[in-house]
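Asker: For reference, the chains in residue letters:
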Amino acid sequence: MAEAELAERRHEAAYNDRVMFGFWVYLMTDLLMFTVLFAVYAVLHGNTAGGPAGRELFSQPLALAETLILLTSSFTAGLGMIAARRGRKQQVLLWFGITFALGLAFLSLELREFAEFVREGHTLSTSAFLSSFFVLVGTHGLHITSGLLWMAATLFFVVKRGLNAPLVRKLTLLSLFWHFLDIVWIFIFTVVYLMAFV
Amino acid sequence: MKELLLGRLDWHALPHEWFTIGGTIGFILLPLLALAVLIRIRGWKWLWGEWLTSVDPKRIGIMYFIVAGFMLLRGGLDALMVWLQQAMAAGTAHGYLGATHGYLSADHFQQIFTAHGNIMVFFVAMGFVFGLINYIVPLQIGARDLASPFLNTLGFWLYVGGVVMVNMFFGLGGEYAATGWLAIAPLSESQFSPGVGVDYWIWSLQISGIGTTLGAINFIMTIIKMRAPGMTIWKMPAFTWASLCSMIMAMTVFPLLTATLFLLFFDRYLGTHFFTTMGGGDPMMYTNLIWMWGHPEVYILVLPAFGAFTEIVSTFSRKRIASYMSNVLGMIGVSAFALSVWLHHFFTMGAGADVNAFFGVMTMFIAIPTSVLIFTWVATMYKGRIRFTTPMLWFLGFIAVFTIGGMAGVVLAVPPADFQLHNSLFLVAHFHSNVIGGVLFGIFAALSYWFPKITGIRLNERIGRYAFVCWMVGFCLSFIPMYILGIMGATRRLDHYDASTGWQPFYILMLVGGIVIATGVALQLVQIMASFMQKRRLGDTTGDPWDGRTLEWATASPPQSYNFTVIPEAPTRDAFWEMKQRGLPKRTYEDIHVPKNTAAGIYIAAFAFLACFGFVWEITWLVIVSIIGVLAVFVARTFDDHTEHTLTAEEVRRLESERKQRDEAARKQKDTLTPLNIKGAEDMGLLEFARTVLAFGWDVLKNKRWRRWQKQS
Chain D
1 MAEAELAERR HEAAYNDRVM FGFWVYLMTD LLMFTVLFAV YAVLHGNTAG GPAGRELFSQ
61 PLALAETLIL LTSSFTAGLG MIAARRGRKQ QVLLWFGITF ALGLAFLSLE LREFAEFVRE
121 GHTLSTSAFL SSFFVLVGTH GLHITSGLLW MAATLFFVVK RGLNAPLVRK LTLLSLFWHF
181 LDIVWIFIFT VVYLMAFV
Chain R
1 MKELLLGRLD WHALPHEWFT IGGTIGFILL PLLALAVLIR IRGWKWLWGE WLTSVDPKRI
61 GIMYFIVAGF MLLRGGLDAL MVWLQQAMAA GTAHGYLGAT HGYLSADHFQ QIFTAHGNIM
121 VFFVAMGFVF GLINYIVPLQ IGARDLASPF LNTLGFWLYV GGVVMVNMFF GLGGEYAATG
181 WLAIAPLSES QFSPGVGVDY WIWSLQISGI GTTLGAINFI MTIIKMRAPG MTIWKMPAFT
241 WASLCSMIMA MTVFPLLTAT LFLLFFDRYL GTHFFTTMGG GDPMMYTNLI WMWGHPEVYI
301 LVLPAFGAFT EIVSTFSRKR IASYMSNVLG MIGVSAFALS VWLHHFFTMG AGADVNAFFG
361 VMTMFIAIPT SVLIFTWVAT MYKGRIRFTT PMLWFLGFIA VFTIGGMAGV VLAVPPADFQ
421 LHNSLFLVAH FHSNVIGGVL FGIFAALSYW FPKITGIRLN ERIGRYAFVC WMVGFCLSFI
481 PMYILGIMGA TRRLDHYDAS TGWQPFYILM LVGGIVIATG VALQLVQIMA SFMQKRRLGD
541 TTGDPWDGRT LEWATASPPQ SYNFTVIPEA PTRDAFWEMK QRGLPKRTYE DIHVPKNTAA
601 GIYIAAFAFL ACFGFVWEIT WLVIVSIIGV LAVFVARTFD DHTEHTLTAE EVRRLESERK
661 QRDEAARKQK DTLTPLNIKG AEDMGLLEFA RTVLAFGWDV LKNKRWRRWQ KQS
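As given, the protein sequences belong to chains D and R, one line each in that order. At position 54 of the first sequence (counting the first as 1) the number is 54 in my numbering, and the numbers step up by one without a gap. At position 560 of the second sequence (counting the first as 1) the number is 560 in my numbering, and the numbers step up by one without a gap.
Be a bit skeptical, because a hint or two may be false.
[What the hints assert, rightly or not] A short, non-exhaustive set of chain R residues, derived as facing chain D with CB atoms under 8 Å:
#1 K225
#2 H273
#3 E688
#4 T692
#5 V693
#6 G697
[As the list claims (entries may be wrong)] Here chain R is said to cover these stretches of chain D; the calculated rule only asks that three of the stretch's residues, wherever they fall, bring their Cβ under 8 Å from a Cβ of chain R:
#7 40-50
#8 83-92
#9 122-134
#10 173-183
These are computed hints drawn from the structure, not numbers from a lab. Being a predicted model, the structure only gives us computed values, none of them experimental. Each residue gets a CB set at the ideal place from its N, CA and C atoms; glycine is no exception.
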């Protein structure tokens, strides 16, 4: 019996190992997609076609606020993972709950920024620069949205089923995804928001 | 209201021209009819439960072969239509079917060569390659399954979604992209291509491309993490190595395609300015991005063919591969260089001499690892005891055709020469030498080599040789004139030309070659049928009909769903060969985890397909509903913790002994295949095939056998 259990555990560990590796590979593919968007932005950011340039549009305080919110959310996700490893369900819910709220705050700031641009008449179709800006930053926002949906679903099942091994694995993947989005945002912050003022 | 419900869709979208009606019947209704017949005979439960929802990579592999084979006929028909038009359309000769030249209007002609390219690359070559990797790689590395069986079925069904999408325009819309297979911008922008053709193009590639990315991730996980004990990375079989290289490239470049297609979609739907001529857009950026994917794509296709050739040469020369290390490093070198040569597709862009020189030199470098590969194959044959079976014939054909195509490629890599040959038929001939000679011959070789493993029946050698001869002769008739035409100055994609050019005889020769190739394809279909008709005589009960070297031959043909009763050990290269020398290990039984079949992949792909369909016709509600559908099924699947069940050792023992009895019984029926009996002397020829088919038909008619079938079912 003990041997069967051992085999079972080995099977489980091997599965975890594969999933982790596969998820890293997936993150690389996603990163490559962002690479294209960054390259496109780099090529087109000067093509304002009579529309406004980044310098005239972007607000540094807003971008800084977004950055700090997202960095903090990454930190709380990390704390949530420590709690998950220790099997503390309440703490997991607390920390990931905060992460969720911060993610939502980030998203609403970003949407407000977009809405303001559109209200001023600077839309996707104004110029190649704005097309690439909206698509690059918007793709990141879409990733944040799917991350939030995923987080909500995972937390729902944590409440329902408790912290079982598959859910801890899913939380680990989720936090990897979240940190990954954080890193991409750092590049967006630098390449899009800071370099516009250089 | 109508617009809200149906978007751009209306009655005019239904088929009303000869080719859309023909296409609807041939590529939509006929497959549905075939499916209905299959369900009538074997039952829906069997089809759905055993096949469509299967997560067994072997079954998914076979389904890939079936779909890709069907698409090969579809793409081949396109090729014949193009050749027929070009053979007819010289000078002022009057047209038929309402066309000014030949029998196709210029626009229709453009749609055909576009569809031909897309179908052959995405749905034929990719389909066969993914089928092969699915079937063979887990067996070669001694694994029971892929790392994620669910991602595998999802990837397959997304591919099927792409296939349906690319044929869908016959029934709804009536037009495909008329832009060439890469839909170069700004031609593909809505300003110049307002219809749904380009949208069908975008979404069929998008959905199958995402499937490819998922597949690539899955295969990388499998090969890196699930090899048999003892099989270090430098002991992997060559086909597995080739698949790994190919999948790493796919994982690298398919996200680029996804992003690029999204950008083009935004341009067309949201009015962005990525590749437009106005608003600061940059059309050349599209060309760069699409070729950054497009060039490695052909290497993604050809690498698995290289790997299969390595296995075939080694097996049929009864030798270890000469310098395994050089062979593997050659494949790695090809894949590494392939990522840094894309600009040679448009030296004429005007990037300047330095940039052109860099990419020209990089392109020529690729010839080095490729030659290393060719030398290792030839050296393997040297002093080997070669058996000239059909896989080996395909290999020899490949060496000849591929080498010529490759040298033409080196000519094209020289920028000044390329300025003369750019967009000429010389380029088209070069490309086809490599994808037909390399990829397609590789697929044929691999399929005939592994056919006994996949079906348990060896393919008919005699008819296989006829098919090979037709392909070789047809290929030379079609593509040697094409090289010559290219040097004479004929550009690609001409729907008509002046008679004074003197090109028509060459175009007619190309058409004749095409017909000979079509005969070859027909013979291949006959070959498969004839093999099944002689299945008792050609059946393989040993699991190792060719005296093979790698682990896939260590299990039964076709293998049980769990591949191996006990995971084999692979302490050396050519693990099975060594095992045979030292004596096979004793058979024991253990509990096996088997993934449960799931329909989640089909549902997700179906919703994704509907979302894409909604995008094509601008039906917003359908897009929203479908995306919610995708997410819902995905969440339901991800949080389902009961995706496996366990076969106990007792059950495995029972399955194995049943299998053994069946094989014993088959062996007693005489004349089964032994490793030495592969010359094909007793395989039926064409005459015997015709006689058998006629006799069978006559018997059905005379004895009214369909009545008996009706009673049975």
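Asker: Taking the hints in turn, state whether each one holds.
Answerer: Hints and how they fare:
1. K225: holds (5 Å)
2. H273: holds (4 Å)
3. E688: violated (50 Å)
4. T692: With a closest approach of 49 Å, the T692(R) hint is violated.
5. V693: violated (48 Å)
6. G697: Cβ of G697(R) sits 52 Å from chain D, so the hint is violated.
7. 40-50: Three-residue rule met by the region 40-50 of chain D, so holds; n is 6.
8. 83-92: violated (count 0)
9. 122-134: Coverage by chain R holds here, the residue count being 9 at a Cβ distance below 8 Å.
10. 173-183: Our answer is that it is violated, as 0 residues pass the Cβ test (under 8 Å) against chain R, missing three.
Consistency with the previously given hints fails for numbers 3, 4, 5, 6, 8, 10, ordered from lowest to highest.
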